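Protein chains in written order, with this note's numbering: chain A, 1 to 326; chain B, 327 to 618; chain C, 619 to 1003.
Calculated directly from the structure, the hints in this document are not laboratory data. Note that the structure is a prediction, hence the values are computed from the model and not measured. One thing to keep in mind: the hints can contain errors.
To be verified - Below, in silico cross-link-like pairs of lysine-lysine (DSS-like), each with a Cα-Cα straight-line distance of 30 Å or less:
id: 1; chain 1: C; residue 1: K712; chain 2: C; residue 2: K944
id: 2; chain 1: A; residue 1: K145; chain 2: C; residue 2: K965
id: 3; chain 1: B; residue 1: K567; chain 2: A; residue 2: K107
id: 4; chain 1: C; residue 1: K1002; chain 2: C; residue 2: K944
id: 5; chain 1: A; residue 1: K145; chain 2: C; residue 2: K712
id: 6; chain 1: C; residue 1: K712; chain 2: C; residue 2: K956
id: 7; chain 1: C; residue 1: K681; chain 2: C; residue 2: K950
id: 8; chain 1: C; residue 1: K956; chain 2: A; residue 2: K145
id: 9; chain 1: C; residue 1: K681; chain 2: C; residue 2: K956
What follows is each chain in one-letter form.
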Amino acid sequence: MSARSVLLERGIILLLPVMLGALVMNSAYFLTLLTFILINGAIAMGTCFCMGRAGQITLAQSGFVAIGAYVAMLLTLRFGMPAGIGVVSAVIVSGLVGFALSLPIMKLKGHYLGLVTLAFSLVVAEVATHWTSVTNGASGLYGIKMPSIPFLELNPRYEFLLMLTVYWFAVYVVADNLIRSRYGRAMQALKYSEWGAQSSGIDITRVKTEVFAISAAMMGGAGAFYAYFIQYIGPESFTLELSITVIAMCILGGMTDIRGALVGSALVSVMNEPLRAYPQVQPLVYALIIIVMIIFLPKGIVPSLVGTFANRRKRRRLAGAATDAT
Amino acid sequence: MFDFLIATLPQLLVTGVMIGSIYALVALCYYVVHAGTGVINFAQGDFVVIGLAFTWLFHVDLGLPVVLSIPLTILSTLACVAVFERLAIRPVSDRDPMIPLLVTLAGGILIRSTVQLIWGVRPRLVPHYSGDDPILLLDAAILPQTLWIVGGTIVILGAVYVFFKHTLFGLSMLGAASDREGARVIGVNAGMIGLYSFGLSAMISGAAAGVIAPVTNADPQLGLEFAIKGFAGAIIGGIEKPYAVVIGGLMIGLLEALIGGLFSSEYRNLFVFGALMLTLIVRPQGLFGERT
Amino acid sequence: MTVNRLLGALVATGLAFASSAFAQERPTIKIGGVLPQQGPLADSYGIPPMQGIQIAIDEINAKGGIKGRKLKPVFRDDRTQIQGSVAAFQELAKNPEIAAIFGPALTGAAMAVRPIIDENTIPQFSLNYGIGLVKDGFTYYYRMSPSLDIGNTAILAAAQKKLGNGQKLAILSSTDAGGTEGAADAVAQAPKFGMTVVAQEKFQYGETDFTAQMTRIKASGATVMLAITQGIATNAAVRAARQLGILQKLTIIGVSGLADAQSVELAGNLLNGVILWDFVCIDDPSNPRIPPFLEAYKAKFKDGRVSPAVMNAYDAIKIIAAGLEKVVDGDKPIDRVKLNAALNETKYQGFASFYNFTPAWHNGPQADQVALCTYQDGKRLPFKP
Chain A
1 MSARSVLLER
11 GIILLLPVML
21 GALVMNSAYF
31 LTLLTFILIN
41 GAIAMGTCFC
51 MGRAGQITLA
61 QSGFVAIGAY
71 VAMLLTLRFG
81 MPAGIGVVSA
91 VIVSGLVGFA
101 LSLPIMKLKG
111 HYLGLVTLAF
121 SLVVAEVATH
131 WTSVTNGASG
141 LYGIKMPSIP
151 FLELNPRYEF
161 LLMLTVYWFA
171 VYVVADNLIR
181 SRYGRAMQAL
191 KYSEWGAQSS
201 GIDITRVKTE
211 VFAISAAMMG
221 GAGAFYAYFI
231 QYIGPESFTL
241 ELSITVIAMC
251 ILGGMTDIRG
261 ALVGSALVSV
271 MNEPLRAYPQ
281 VQPLVYALII
291 IVMIIFLPKG
301 IVPSLVGTFA
311 NRRKRRRLAG
321 AATDAT
Chain B
327 MFDFLIATLP
337 QLLVTGVMIG
347 SIYALVALCY
357 YVVHAGTGVI
367 NFAQGDFVVI
377 GLAFTWLFHV
387 DLGLPVVLSI
397 PLTILSTLAC
407 VAVFERLAIR
417 PVSDRDPMIP
427 LLVTLAGGIL
437 IRSTVQLIWG
447 VRPRLVPHYS
457 GDDPILLLDA
467 AILPQTLWIV
477 GGTIVILGAV
487 YVFFKHTLFG
497 LSMLGAASDR
507 EGARVIGVNA
517 GMIGLYSFGL
527 SAMISGAAAG
537 VIAPVTNADP
547 QLGLEFAIKG
557 FAGAIIGGIE
567 KPYAVVIGGL
577 MIGLLEALIG
587 GLFSSEYRNL
597 FVFGALMLTL
607 IVRPQGLFGE
617 RT
Chain C
619 MTVNRLLGAL
629 VATGLAFASS
639 AFAQERPTIK
649 IGGVLPQQGP
659 LADSYGIPPM
669 QGIQIAIDEI
679 NAKGGIKGRK
689 LKPVFRDDRT
699 QIQGSVAAFQ
709 ELAKNPEIAA
719 IFGPALTGAA
729 MAVRPIIDEN
739 TIPQFSLNYG
749 IGLVKDGFTY
759 YYRMSPSLDI
769 GNTAILAAAQ
779 KKLGNGQKLA
789 ILSSTDAGGT
799 EGAADAVAQA
809 PKFGMTVVAQ
819 EKFQYGETDF
829 TAQMTRIKAS
839 GATVMLAITQ
849 GIATNAAVRA
859 ARQLGILQKL
869 TIIGVSGLAD
879 AQSVELAGNL
889 LNGVILWDFV
899 CIDDPSNPRI
909 PPFLEAYKAK
919 FKDGRVSPAV
929 MNAYDAIKII
939 AAGLEKVVDG
949 DKPIDRVKLN
959 AALNETKYQG
969 FASFYNFTPA
979 WHNGPQADQV
989 ALCTYQDGKR
999 LPFKP
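Only chain A is shown next, with the shape it has when bound in the complex:
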């Protein structure tokens, strides 16, 4: 893609939440929905980055989101740190934990890797429940105010949305840049064949641990925003269901394209809402979506759309070339 079209696309993506948010500024309900879409989107981007582009399975979403949320909450609640520091610390700490976790599990492949990340999420939830001196155990942590932009005097929820948009967009740009770079090609090689990648000189150890750490950092930052938004976190906020929901978003939107995370998170969050009135059916629908998508549209929405457009262009080009030749 040309540099100009990339810039255009990014501009649109950046402006979307800003404009949508302004449109619905009078409805706290829709602002909340939009906020959740962005938070989920950041977690989904981390997941797609790790799973879709580098082939490293992860069910650790709830674990890293929890770590980010607790770090940010504790810094602001106990030490009075402003939200900016909270978010940055959450990103760093989650990234470091991700890095530390990835070192011993590098050699695992396929579903074993996924299973370790699953166990990791479970352990994090247990620690959150029982390390009462730090996390206040099952009672959870609360008592902070939603952060706001100091010089602006807009609707506070909209201001929060703007801050979140900055983070969300940053995650997108970082992920996208990495994917487009030589690093991204290394990730791709890693995904298709570890031996192949290694034999062509890529340091797969480094790539694997870095990818995992970066995705963990992205999720941790999202966790921090979650904490600042709901203003209450407890071990019950970060369950296996969160990880599964995020994976559903990636599967729906398309794991191999980072924009799939954006589409998937929007669709799933929106789909959730009318279902709230039919609660018995809600998990059923989620599960059906995952299964149906995996069977019929395994690439997900965005890659499939991109694929059909690309095919059409190719066909037209070929047809054009054919007519030229005659």
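With the hints as your guide, set chains B and C onto chain A.
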């Protein structure tokens, strides 16, 4: 603490063996499915829940005696799982093993929600088959239902053993397990192997549900707990070998009982999940598995 | 000509009827309900309150509603999860047609939604007994249940009166916010009633095997066990106690969940003799309000099981309705701040407790109003120590 240990050890062991038997059966189901298809079936716990619902239906609602209700439960569970396998698993079975795993995770949620929609969320009482007066033996109070569970486990394990070693189906499954590609080459029908594996795990789940229902109550929300603990047992034992998963399940049950009894029940899950994580990192083939 | 005039008269009469029919269609007053319809608390603290709310609203509407305006419930399922509660409260609190919200069931969720109800100045009623809920202010939050510390006082006093001083107390509670705070409070209060705490055991919602906890309680030599449990947990606890042979030796005291409908269904007469505080002793023969209520319940919910939570929710709606009567103004949406002011003057006789809310007290019934009950052969009767 040592005196406490001596005094309560018999009781804790009884509890541990009972819970361990439940986990061992679930772990065995993981082995069966993994051996046949390479898939880790996270809907496993919900297969047991299907069995619990049918147990209640046949034994409590329809009032059938146990000798009838357990076989009927087994068959009904088998039927439900067969449908699930054909619709959801078969279409994705030739993909990267992570995909079917996600499908089973989603499938478990699907089964759980469907059961709750049809049946409700309330756990329902299933009366103990032989009453609930405890039998006292060496300082431990043993519920008669515990004997049903342990006995049932032994019977099920025996049946599965005979199946694997002495029937053509079983032998070809074992063969397919140790070399899936090779099995396909010599003509073992890969499509049917999936059905048979899931089917066998369904039958085990149904039988297990039949004997544990009075103790756990017919509770549709137990699916995830069974799935994770049974899975822990399978991994820690070593998912490549049938006896290993059973021992693994038993060990998890004993670990839970001992930690709960000696320290605090608060930390039971933490230890089990921590042990799981440690095993996956340090020795992914499990205690009895061989390095691949 | 006569035909035309006749037609014209008919049309005019028709229009008159139509417009009067439309005129009677006044805007409803909505009351929100955020309760679990799934998850471990659905059966004890989700569905019963929904039923109670429905009965109260139908009763009020049958008598003409609030000055001609009907009440309408708007239910949302939070699936016993905090995020679900928060989202549901966001949605309902922002809807100006909703005058007040009932729920949620989890203490943790009730804490999480506090900023929302404060921001939207909407009154909230719940059955949570978590102590922390009134610690940092409670402008718009009203508790219908006895707070756990008040409940503890009542039940520990009852145990002391029945058994005398010097009892050894074991405490069994869940790992969530409500359970943890309740246990800590009991530990603090126990000495006041001449008891020593010899065991503290925890469990997680959904656990069905309590032999580990009971083994330790047995070894501690406890004579009294305070069970902060509901439904599934109560059943598991008493069965384990029976299995270990200590059921007859322990005096079991506890919260309303010790003999809720689910506990009774699962454990039956194993619960004989337990002493609990509750919203109302549901089989109290001397309470005249109960039989007509039971009839109304059976008529509506044939397969349901009445539990005190049903009645407590009913009381809540009645209190809200009393407040609404004072502030309803024509067809306008209800002014929430005015409603809150009216609620701050509540004097209402519930099924078993008298509720006297003031700006300084939203904490449920006072200690002397807490109903003490005991379970015997299928009946929950008043307890007299």
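Okay, the hints, checked on the actual structure:
Between the alpha carbons of C:K712 and C:K944 the distance comes to roughly 23 Å, so the proposed pair stays at or under 30 Å and holds. Under the criterion of a C-alpha separation no larger than 30 Å, the hint pairing A:K145 with C:K965 is inconsistent with the structure, at around 35 Å. Pair hint B:K567 plus A:K107 holds up; C-alpha atoms about 22 Å apart against a cutoff of 30 Å. Between C:K1002 and C:K944 the CA atoms are separated by roughly 39 Å; this puts the pair beyond 30 Å, and the hint is violated.
In summary, the hint linking A:K145 to C:K712 is supported, as the alpha carbons are separated by about 19 Å, within the 30 Å threshold. Under the criterion of a C-alpha separation no larger than 30 Å, the hint pairing C:K712 with C:K956 is consistent with the structure, at around 17 Å. Distance check on the hinted pair: C:K681 and C:K950 sit about 21 Å apart at the alpha-carbon level, within 30 Å; holds. Between C:K956 and A:K145, the direct Cα distance comes to roughly 26 Å. Compliance with the 30 Å bound is thereby established for this hinted pair.
For the proposed pair C:K681 and C:K956, the alpha carbon gap of about 24 Å is at most 30 Å, so the pair holds.
In this structure, the hints that do not hold are numbers 2, 4, in rising order.
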